[in-house]
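Trainee: Spelled out from the first residue to the last, the chains are:
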Amino acid sequence: MTGAYWRSVSFSSLQIEEWGGEFTVFQPNSGKTHFLNQMGLHILLCLDRAPTSEDEIFVFLTDQFQLTLDQNFSQQTIKTLHRFDELGLIEKVRPESLT
Amino acid sequence: MVYTQGHYKLLLDALTNPDCLIDYSIADWELLLRLARKVKLLGRLATELNKRDFLKKIPVRAANILRSSLIQAKRMQQLTHWELNRITWALQSMDIPVIALKGVAYSLVGLPESAGRTYVDLDIMVPKDVLVSVELELNQRGWVCQKLSAYDEHYYRVWSHEIPPLTHVEREIEVDVHHTITQPSSGIKVNSGLFFEAAVLAEGTSYKILSSVDMVLHCAVNLFQNNELAGDLRDLLDCHDLLVFFSEKEACFWENLIERANQFSLGRPLFYALHFSVLMFKTPVPDIVASNLNNKPSTIVLWVMSKLVPVALFPLHPDNPSKRDRVARTLLYLRSHWIRMPLYLLLPHLIYKSYLAVFPRKNSQS
Amino acid sequence: MTVGQVPFGKFIALLSDSGLRVRVGPFNIRINTKSVTLANHIYRLYESYKLAEDEFAEFHVQVIVVHPKRKIFSPHIRFFVDGHSPFPPFPQEQGLTALEWGINLVIAARVSHLLLFHSAAVERNGQVILFPAWPGSGKTTLCTALIYRGYRLFSDEFGLMDPDNGDFFPIPRLMPLKNESIQVIRDYLPEAILGHEIPKTLKGTIAHVRPPKESFMRSEETAKAKWIIFPKWVAGSSLSLEPLPDSEAFLLLASNSFNYEVLGEVGFQAVTHLIRTCSCYKLVYSDFDDVISAMNDLTD
Amino acid sequence: MTEEQKNKQMEQREVKASADKLSENKRRRLIKGAVAIPVIMTLQSGAALARTSNLVGSLEEDIPDDSTHVATQDLGNGKRIVCAHPDDSEDQSGAPPYDLGNAPMGHLEPNFDSNGNALSLNDQANNCRGGGGLVISATAFSSFDGRMAGL
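Residue numbers (our numbering), protein chains in the order written: chain C, 521 to 619; chain Z, 99 to 464; chain X, 83 to 382; chain V, 11 to 161.
This is chain C alone, in the form it adopts within the complex:
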């Protein structure tokens, strides 16, 4: 079980400004401004490269930020993924469209 696959939505349309390791992101589709930390932005960057499974996202993040992967971290990350989904920043990929 690798969890759902996700990919970013209209990543190239986002306006991103960095403020010393934090980011303000303007999303033209919704007109909303989001505030992200490094890890939040890294999820978007990662999902912009290719559709990625939740497990792969956990590994990618713990690797980048030198963390140990525990249940708390994966739960928090899944929460964030669903929030991204709700905001229309990312979307679930149907398994059949992956090949």
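Check each hint, because a few of them may be wrong.
As a list, the in silico DMTMM-like pairs of lysine to aspartate or glutamate whose alpha-carbon atoms are at most 25 Å apart [unchecked claim]: (1) Z/LYS149 with X/ASP244; (2) Z/LYS136 with X/ASP164; (3) Z/LYS155 with X/GLU302; (4) Z/LYS136 with Z/ASP111; (5) Z/LYS149 with X/ASP246; (6) Z/LYS154 with X/ASP136; (7) Z/LYS107 with X/ASP164; (8) C/LYS612 with Z/ASP417; (9) Z/LYS155 with X/ASP249; (10) Z/LYS306 with C/GLU538; (11) Z/LYS306 with C/GLU611; (12) C/LYS612 with Z/GLU235; (13) Z/LYS155 with X/ASP246; (14) Z/LYS154 with X/ASP246; (15) X/LYS132 with Z/ASP126; (16) Z/LYS405 with Z/ASP417; (17) Z/LYS107 with Z/ASP417; (18) C/LYS599 with X/GLU330; (19) Z/LYS154 with X/GLU135; (20) Z/LYS149 with X/GLU347; (21) X/LYS308 with C/GLU538; (22) Z/LYS287 with Z/GLU346; (23) Z/LYS154 with X/ASP244; (24) Z/LYS154 with X/GLU137; (25) Z/LYS155 with X/GLU137; (26) Z/LYS107 with X/GLU137; (27) X/LYS116 with Z/GLU346; (28) C/LYS599 with Z/GLU235; (29) Z/LYS155 with X/ASP244; (30) C/LYS599 with Z/GLU211; (31) Z/LYS154 with X/GLU302; (32) Z/LYS136 with X/ASP99; (33) X/LYS92 with Z/ASP417; (34) C/LYS612 with Z/ASP193; (35) Z/LYS306 with C/GLU606; (36) Z/LYS136 with X/GLU137; (37) Z/LYS380 with Z/ASP417; (38) X/LYS364 with C/GLU538.
Derived by calculation from the structure, the hints in this document are not laboratory data.
Start from chain C and add chains Z, X and V according to the hints.
Mentor: Positioned in the frame of chain C, the structure of chains Z, X and V alone reads:
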């Protein structure tokens, strides 16, 4: 004709012949913009002026108001389109047809004038048999119903063709979910299934919209059956724009329109839309259209309507509203309820509404 | 020509008939009222407002006294803009606050070609300090103290910015002091000219400060912002002026704007540019002398 | 691809590159701090209009019993102050409560104390403030009406 003079003429000329705006005096501009704001047409004026590169040539204060309005119109367009995006997202697992109506549909179909149109809310239509589950699904995804009095709630659910408007807790756009285009209480039974069958995908998107003739019929029905007409000039202009747009694009548009209107027994609202659109905006409608429509109003009814409708569609003069215009509005208000409801329902509804007008509830939403 | 140069009789005639047209920063406003009481207040407090006769007016506002038919109800005041009333009625004595608040609302709701911050703004040495703040943080009081000590008033309520070039527009108007601030200013600035006290408004007792003449004379001179300072008055505190992280300043400023989201991408870029070109601080103070000397040090 | 789109893509790549270069310093700060999880916050801005000093804001002054400015409800047993609680999930940034957030909570203050003595509106207001709540104007309340949970 009354609307060819005074403040009516000032507004009508600006809409039908924007080239004349270059000659407007400061006082004309001031009045024009106040009138256009009242009927939600500032954004439209702004796009017409932009097209002609006039914004730099008119008084700068007037241009700033128009720019502001266009920015606000664009913002509302963005919000409504995004709301449609999120509604589609929330309902994707239900696998049902969701049809975008009115303003958003006009821009999805590519109507040029929609660029400056001011949107207020998002209107969508879903099949009646899934209405309850749609509402439930949306509730679970964060769309909530605004607080209504028990009376309003009952009115919406039983006698109207909508469920009470929903708004997502994080956003501001109201979503009106319809299951048909006419009021169930109006006595006109329209088989809504036929609208879904004829619906099309908007080009280059995954959103559904009504077919061209159904979209025009909806516009006409909305204006002449569902509304009170007061200050609804914009909606008549929508009908005009759609008629011009589709008749230029589609070969058999007029024939299809007549056939569809007669099929649904919606000849009368369509007749009114065509009649007043021709009268005020000189829409190029072939004569055969009116003569082939069923359910046309009698000569006397048309005479009365012709006296009332044009003055009511226009905004009142902001400084000296005329008594005659107000009377026309009241009569049309009565008419709009008369045609929508059986009389035994109408009287209590009006009494309740006038009671409210005299004793407005505290904390009621404006 | 200013309001004070119009004879009172003609002034009353204008207000009750074709409308008094005055310049309010980059806008012209046409005011109508038949209330003689309100006319008297406006005549005194608007003395330095410039007239905009025969010019295009963006906003047309009216203050109407309503006399209910039944005696048990007392007369009340309604504010109208283009025949529409956005507020519930006000008590009769509150005509001036109704007018001032109504104008605020109309500007905030209708202007989108400029970015509107909910902020006080003053200028010294050609550069603007913004004091964005939540209600009750004392921005009007601080602003009043500064403009009587050499700073030019832009506004105690609106930071009006042209998003294309970052210019701020002055919009000098009456400044409503609330509750204790009224006495605080009377004590600290005996020279300040205040209107009558209006008790029991939505925000307590209000008295309006009439800004110095100079702010009206120079109301067409725009300037760019250099400092963004989030002030907070805390009784008995010693002065502290600490840098605020840019990301936090961005969020505070954007969420404190009336129309940031309406402007969309333009708003995002304008706030980004503003934060990148300004120094941002958090200010806590209780003493006016301290805060004025700190602001002088900063702007010298 | 148009000029503009191309330009934007270039800029986007630069942002990506800089974001990829996580300095040792920042990494440590993230790990040390409580934010070793992905964070996203969305700006809620439209509220500013309702929040203009003239419409909302907490009422701090004394409230006479015949006040019509303060938000009250009468469920049939006398006027009770509406005591609002800002939405916890909203960042209040140390400022006095200014925005009730998206899901504000509220309760009606009791108008009798534990001994059965009637409480004036002003007493109720003080009880509300004492419990960290916010007394709001009737106008403010009507603008939140329908969004206030728990009433």
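Trainee: If you test the structure against every hint from before, which numbers come out violated?
Mentor: Result: hints 8, 10, 22, 27, 30 and 37 break, sorted rising.
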